[in-house]
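Engineer: Taken in order, these protein sequences are the chains called B and P. Going by my numbering, the first residue of the first sequence is number 80, and it counts up by one from there. Going by my numbering, the first residue of the second sequence is number 52, and it counts up by one from there.
Simulated from the structure, these hints should not be mistaken for laboratory data. Being a predicted model, the structure only gives us computed values, none of them experimental. In this text, a Cβ means the ideal position worked out from N, Cα and C, and glycines have one as well. Just to be clear, a hint being listed does not mean it is correct.
Here are the simulated lysine-lysine pairs, BS3-like style, with alpha carbons at most 30 Å apart [stated by the list, open to error]:
hint	chain 1	residue 1	chain 2	residue 2
1	P	95	B	390
2	B	374	P	95
3	P	56	B	374
4	P	95	B	85
5	P	141	B	379
6	P	56	B	387
7	B	366	P	102
8	B	85	B	188
9	B	113	B	85
Calculated Cβ distances over 12 Å to all of chain B for the following chain P residues [said to hold, decoys possible]:
hint	residue
10	69
11	72
12	111
13	139
A short, non-exhaustive set of chain P residues, derived as facing chain B with CB atoms under 7 Å [as the list claims (entries may be wrong)]:
hint	residue
14	77
15	100
16	108
17	110
18	115
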Amino acid sequence: MAITLKDLLETGAERLSLELLWGEGHLNREIEEKALNRPGLALTGFFQYFAQRRLQVFGLAEFTYLKSLSSEDRAARLREMFEKNVPGVIISRNRNPLPEIRALAEEYKTPLFRTTMITCHFINECTLILEELTAPHERVQGTMLEIMGIGVLLQGQAGIGKSETALSLIGRGYSLVADDVTEMVRTGGRVTAFAHELTRYHMEIRGVGIVHVPSLFGVSAIRRDATLDLVINLHPYKNDADEERTGIQPGTIEILGVKFPYYELPVSPGRDMANIVEAAALNYKLKLLGHDAAKELDEKVIGTFLRKAGK
Amino acid sequence: MMTEKRNIVREFEVLNKYGIHARPAALLVKAAGRFSCDIFIGRKGAEVSAKSIMGLLTIEGHQGSRLVVRAVGEDAEAALLEISALFENKFFEE
Chain B
80 MAITLKDLLE
90 TGAERLSLEL
100 LWGEGHLNRE
110 IEEKALNRPG
120 LALTGFFQYF
130 AQRRLQVFGL
140 AEFTYLKSLS
150 SEDRAARLRE
160 MFEKNVPGVI
170 ISRNRNPLPE
180 IRALAEEYKT
190 PLFRTTMITC
200 HFINECTLIL
210 EELTAPHERV
220 QGTMLEIMGI
230 GVLLQGQAGI
240 GKSETALSLI
250 GRGYSLVADD
260 VTEMVRTGGR
270 VTAFAHELTR
280 YHMEIRGVGI
290 VHVPSLFGVS
300 AIRRDATLDL
310 VINLHPYKND
320 ADEERTGIQP
330 GTIEILGVKF
340 PYYELPVSPG
350 RDMANIVEAA
360 ALNYKLKLLG
370 HDAAKELDEK
380 VIGTFLRKAG
390 K
Chain P
52 MMTEKRNIVR
62 EFEVLNKYGI
72 HARPAALLVK
82 AAGRFSCDIF
92 IGRKGAEVSA
102 KSIMGLLTIE
112 GHQGSRLVVR
122 AVGEDAEAAL
132 LEISALFENK
142 FFEE
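With the hints as extra help, turn the sequences into a complete structure.
Structural biologist: Next comes the structure, spelled out in structure tokens:
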């Protein structure tokens, strides 16, 4: 996905204390490679491997080095860098750009920024923002909860009781992330779920209407985001449904290319869904701790049977 | 037409190496669940419902043991046919 300097400035101006010094009309430039480069090595004249598709960050090292050069060399090296048509140049530590840098930025129509941050903090934070801007994301139907550190997405057809189950779980002290529609974003192999900003922390209970969860249950009843761990699908009870009976090999579902354990839970009168969802989440947590009850019981059973069969 | 309550009994030998452990038990439970008749599986005088995984594990159906399957109800015959296929195919193990 292509991101522009404008995207970066809109998302990151505050977090990066970023200020545009020149280039208002050229902010639609694309950041072709979502990483930052410190051009120190290039400024010594080595341009054979120069990350010209990245944003260039001038820190203390670059400044000190440039100052040690004669004004002819300084101008020539900087020109060579700007000729490569880099997407943008950022000056850290709130320094004033050298007059040469400013002039070249205008000449090559390269936006020039300044940040008050020190270089390494800026690079860390800016890399995170570039990752966020380009991370794959998807909106999925489902209610997202956090149960004892386990992120659970509840899915199922309208009216099956997702919100009601969530309400019950909130009552037990767990937290709501999003009701009915959940935004997912992938960073690395991890998928983070959060609510759309407009509807965040609200949920709709049939017959009651829209409620504001933290007002009713307190701030501990909500979480801004949670990492997705497992997906539970509520469906109407059918006699011949092919649901999991042992839990030894749970099904999986893919969200944004990452596989998650997937449980089909039949809903029928007398089944307390909140209780069952809670048990599924806690059992998953137990598995993470290395205790797989289903597998352990099966191994015990098989061991016993092999002994008896051998007699 | 009079509805006839059928009661069919058959004996099977457990052929697969690991016996009726969790996976075969789940297959039996799923097969049994598709029929309305009551199905029981017994061994050495103890009998459990074929629709209960935990029950099936307790009858200790290891390899070589003989299990008595009893189906009671209208579709008993069809149910036994399906269950016998599972035993004959060694529960699709090995």
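Engineer: Run through the hints listed earlier and report the numbers of any the structure violates, in increasing order.
Structural biologist: Violated hints (numbers, rising): 3, 4, 6, 10, 11, 12, 15 and 17; every other hint is consistent with the structure.
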